[in-house]
Amino acid sequence: MDWIMAILEDLLFIAAAPLLAGWIKRVKCRLQNRKPPSLLQPYRDLLKLYRKQPILPHPASWIFRAAPYVVFAATVAAAGFVPLVAVDLPTARIADVIVLVGFFALARTFLVLAGMDIGTAFGGMGSSREMTIASLAEPAMLMAVFTLAMSAHTTNLSQAMNYVLDTGLVLRPSFVFALGGLMLVAIAETGRIPVDNPATHLELTMIHEAMILEYSGRWLALIEWASQIKLMLYGVLIANIFFPWGIARDFSPEALGLGVGMIVLKLGLLAILLVLSEAVFAKMRIFRVQEYLSFAYLLSVLGLLSHIILEAARVHH
Amino acid sequence: MSLFLAYLAVLAALLSAVVATIDGRSSWVDGLFGRVLARWPRQLERTRHSLAAEDYSARHRRLLFALLGGSGVAALLAGTGALASGSPLVDTLPFGLPWLSWHTRLDPLSGFFFCVLGLPLIAVSLFGPGYVREFEHGKHSLAGLGLFTGLFVAGMELVLLADDALSFMIAWELMSVASYFLVAFQHEHAANRRAAFLYLLMAVVGAIAIILAYGVLAGFGRGLTFDALRGASLSPLWASIAFVLALTGFGMKAGLVPLHAWLPEAHPVAPSHISALMSGVMLKIAVYGFIRFSFDLLDRILWQWGVLVLVVGSASAVLGILYALQQQNLKRLLAYSSVENIGIVFTALGLSLIFLSNGDTVLGTLGLVGALLHCLNHALFKSLLFLGAGAILHQTHEQNLENMGGLIHRMPKLANVFLVGTLSIAALPPLNGFVSEWLIFQTALQAGSIQSGVLRSLIPTASAVLALTSALAATCFVKVYGVAFLGLPRSGHIAHAKEVGQRGMLAGPALLAALCVLIGILPAPVINVMAGLTRQLTGADLGNISALGWLWLTPVAPEVASYAPALVVIGSVAVGWLCYYLLYRRTGLEPRRAEPWDCGFGGLTARMQYTSGAFSMPIRRIFQPAFEVQETLEESREGPAGTRVTALRYRFQVLDRAWLALYEPVGRGVVRLARWVGRLQTGNIRTYLGYSFFTLIFLLWVIS
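Residue numbers (this note's numbering), protein chains in the order written: chain A, 7 to 323; chain R, 37 to 740.
One chain only, chain A, in its complex shape (with noise of 0.2 angstroms):
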């Protein structure tokens, strides 16, 4: 039954991404006062793509035609072990947060071999962008999820959620560094302004989209859902860890129907704030988006830090 649940909640997941990212285009069309497609269109997009006849560059090996699949399965794997609508689920047990960061690593490698595979600049000149991205990024968001994992004394994310409900809404210092180190590094992680941009194709700027300027057909739809997912993982970490309120703790229909809900609310709410950011803010230029890593880096020492200061001292005495 469980090992069910956990099955239909990872379908859900895989299911619910491309509404996600229909939703966000929506909201962003009307901050911009332009007229928004439906929310379907995401679907509609990779159902094109899935149609259409691959095209397969004369250098590729079969790492190319690998990776989607790789990419793709790990997502969804990393997809299966974050609690969505309940916790306590068998998935979040088989992998903590540690491994949830090394899949998206796992992920992040084939996107970018396949990205060198070719031998064209611009492959080349994604996967080391997005390796260097990655290498300041992946560090800040261990000790983002570290801050809590110390809070909660688990690594396993079912049993952080379990911590954060029952212990009720303290304002802890920690937290919000964490919170908003882990915020940065999604918004970078994901590939949105201001450290890429999803949406150009300007040899100059591009990181994700150079790498997989050569995919086409049903791969780029694996990856382009594949991304998906990792956006919305993002988003239900950061909701789910940090305002855990409204999850499941039981199978009853009724937490079931609530836990539903309220992810749906805490997402869409993210979305908005992820748009409203994306029109404030400008791109950065490449070298300096060390600088904003530091930062998110260094927030998320500082929670560590005062969590250790502040926090586990209290405890102690």
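Worth flagging that the hints you see were computed from the coordinates, not collected in a lab.
Any given hint might turn out to be false.
Stated by the list, open to error - To give an idea of the chain R side of the interface with chain A (calculated C-beta under 7 angstroms), a few residues:
#1 Phe-470
#2 Thr-511
#3 Glu-595
#4 Val-596
#5 Ala-597
#6 Leu-625
#7 Ala-630
#8 Gln-645
#9 Phe-651
Said to hold, decoys possible - The calculated label-pair distances, taken between Cβ atoms and stated as ranges, are:
#10 Gly-267/R to Trp-9/A: 55 to 61 angstroms
#11 Arg-643/R to Pro-179/A: 49 to 55 angstroms
#12 Thr-668/R to His-64/A: 33 to 39 angstroms
#13 His-207/A to Ala-650/R: 19 to 25 angstroms
#14 Met-653/R to Ala-261/A: 48 to 54 angstroms
#15 Leu-279/A to Ala-650/R: 32 to 38 angstroms
No experiment lies behind these values; they were computed from the predicted model shown.
Every residue gets a Cβ at the ideal spot worked out from N, C-alpha and C, and that includes glycine.
Got chain A; can you put chain R on it based on the hints?
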């Protein structure tokens, strides 16, 4: 039984050294057989036939490596036996001075390192026969290579067996000196001679530190055997002095920052299978020495030592990988990455020391297990990568990344094996490198149990550095794989490279790759085997590690953290296969081959790709203070007043700051001192007579 197998391993290694020396003397062997087999003409004829020139050398080579492989198998069996039994076996050998016979001992700790030695050695013995063939007809003597390889391996095995300080040091020096000759093997290049000399010098300095460390212990103990040293009771000050000396000596061999500068010079210039043994195994022997000294021999552990080890380890990890990222030479890059991995091991050991000194034996054990598992993992994947680099070198005579590219098309099997090594060393799930780093992170996250606020905040900072290191390691090895194996070939000889012909040269790395995957997916049995070892060293074991079953890892408790790599793999593979089935098999839409996008200009060439230097340029710029970068831009100009630039040549070199800050000043100081002492020698007979006169007077004064 295990001890007997361990002796057998040493004997097999020594025998391979002996066999190597009768290289090229087939006539001598022929004569021997002639005399023995004189009565059986048919056998004699067959023997003669099999000793025919080229046949003989191939057999000889195979025998040499078969003996090494036998040594590896015996070491592996001895090690697993010792780990499984959990109790030490002791023996005394009638060597050495009459009152100082050699004591040997095989306990779970040395047993574990016997396994760490055995597995790469088996892979090397598979790889070796094909690899050394090209040395046969060259100017290098295969006899020397085989002799010193055998002695080197025997030395490492004897270090693990030694149970007194004297035999430990003899074995240690045997290992160091034999490996010096291996580093100097291709001595026609001045750079190799220089690297070998530097290596020897550092080995000697390190050995002095280790001897002094043992000396301090022996001064308080009742003898040189490890049992006597264990009984020595030291004051905290003397214990700290011994500890710092041991850390210096073993750390120098292991390549800790800032004593690491010899390592990236020496490891890459040896033949590749030797580099694999040096980076994969010898560094672990140094770690063994450190663990033996500080966890076993010293009777106390102070938290300050833990902090020192933690800081040194973290610095080695992050600096090692930053320098590795900037290397263009593949083997040099791998050597720098060894500095990083040893740094990770020492970080974990530092955590373990801190927890142990705090009285928290379970967490101390967890840190120790993380360190040991990382030792094993590093031995596997680093040997694999060095053997892979050796295969590329053998087929293309190229080790510069800037000239490689597209090897996945030319050497597909090697490329797949190398990919496993790349993903393992980049600490990506579900492979083995990730498991050990996960354990180390789990240890660090338990810092809340420590009373001291300073330590409590230091440990998470170290884990932040570790997180940065593992992310940079991923960048580094993605670069290696992407530049060497993917894209378009950057030079002619790479474009025409062929897959390695000898099966063994693929089988060796493939064996290691299989082990990397296996340990990555099923780590719990490996960790359970270490229970006897940790009980011996810390008095505790990880009783909870398989609380949820043998597929699971639960280092502290199930509700704190759990990881089931096998289940994760099954899930991800199922998803990947389902996508593949639905999207490819069901639609049956075959992809269309086409040219890559070239912005419509046409004519993409290999020179337009990102190079290795370009790939790591953002990191070089972001971490500017860590490097000493020398860049030159040469312009050749033409036209009136040189306004037209016809050619540009850019080159850059990244220098190691430790080299500039530590080694060169010391070197200059030694030269200055030597010059000052040299003033004594004026070359004037009267001065020398004066020296004799005053010495005589002085001696007379002393005597009277």
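Verification of the hints:
{"no.": "1", "hint": "Phe-470", "result": "holds (6 angstroms)"}
{"no.": "2", "hint": "Thr-511", "result": "holds (4 angstroms)"}
{"no.": "3", "hint": "Glu-595", "result": "holds (5 angstroms)"}
{"no.": "4", "hint": "Val-596", "result": "holds (5 angstroms)"}
{"no.": "5", "hint": "Ala-597", "result": "holds (5 angstroms)"}
{"no.": "6", "hint": "Leu-625", "result": "holds (5 angstroms)"}
{"no.": "7", "hint": "Ala-630", "result": "holds (5 angstroms)"}
{"no.": "8", "hint": "Gln-645", "result": "holds (5 angstroms)"}
{"no.": "9", "hint": "Phe-651", "result": "holds (5 angstroms)"}
{"no.": "10", "hint": "Gly-267/R to Trp-9/A: 55 to 61 angstroms", "result": "holds (56 angstroms)"}
{"no.": "11", "hint": "Arg-643/R to Pro-179/A: 49 to 55 angstroms", "result": "holds (53 angstroms)"}
{"no.": "12", "hint": "Thr-668/R to His-64/A: 33 to 39 angstroms", "result": "holds (36 angstroms)"}
{"no.": "13", "hint": "His-207/A to Ala-650/R: 19 to 25 angstroms", "result": "holds (21 angstroms)"}
{"no.": "14", "hint": "Met-653/R to Ala-261/A: 48 to 54 angstroms", "result": "holds (53 angstroms)"}
{"no.": "15", "hint": "Leu-279/A to Ala-650/R: 32 to 38 angstroms", "result": "holds (37 angstroms)"}
When the structure is compared with the earlier hints, no violation turns up for any of them.
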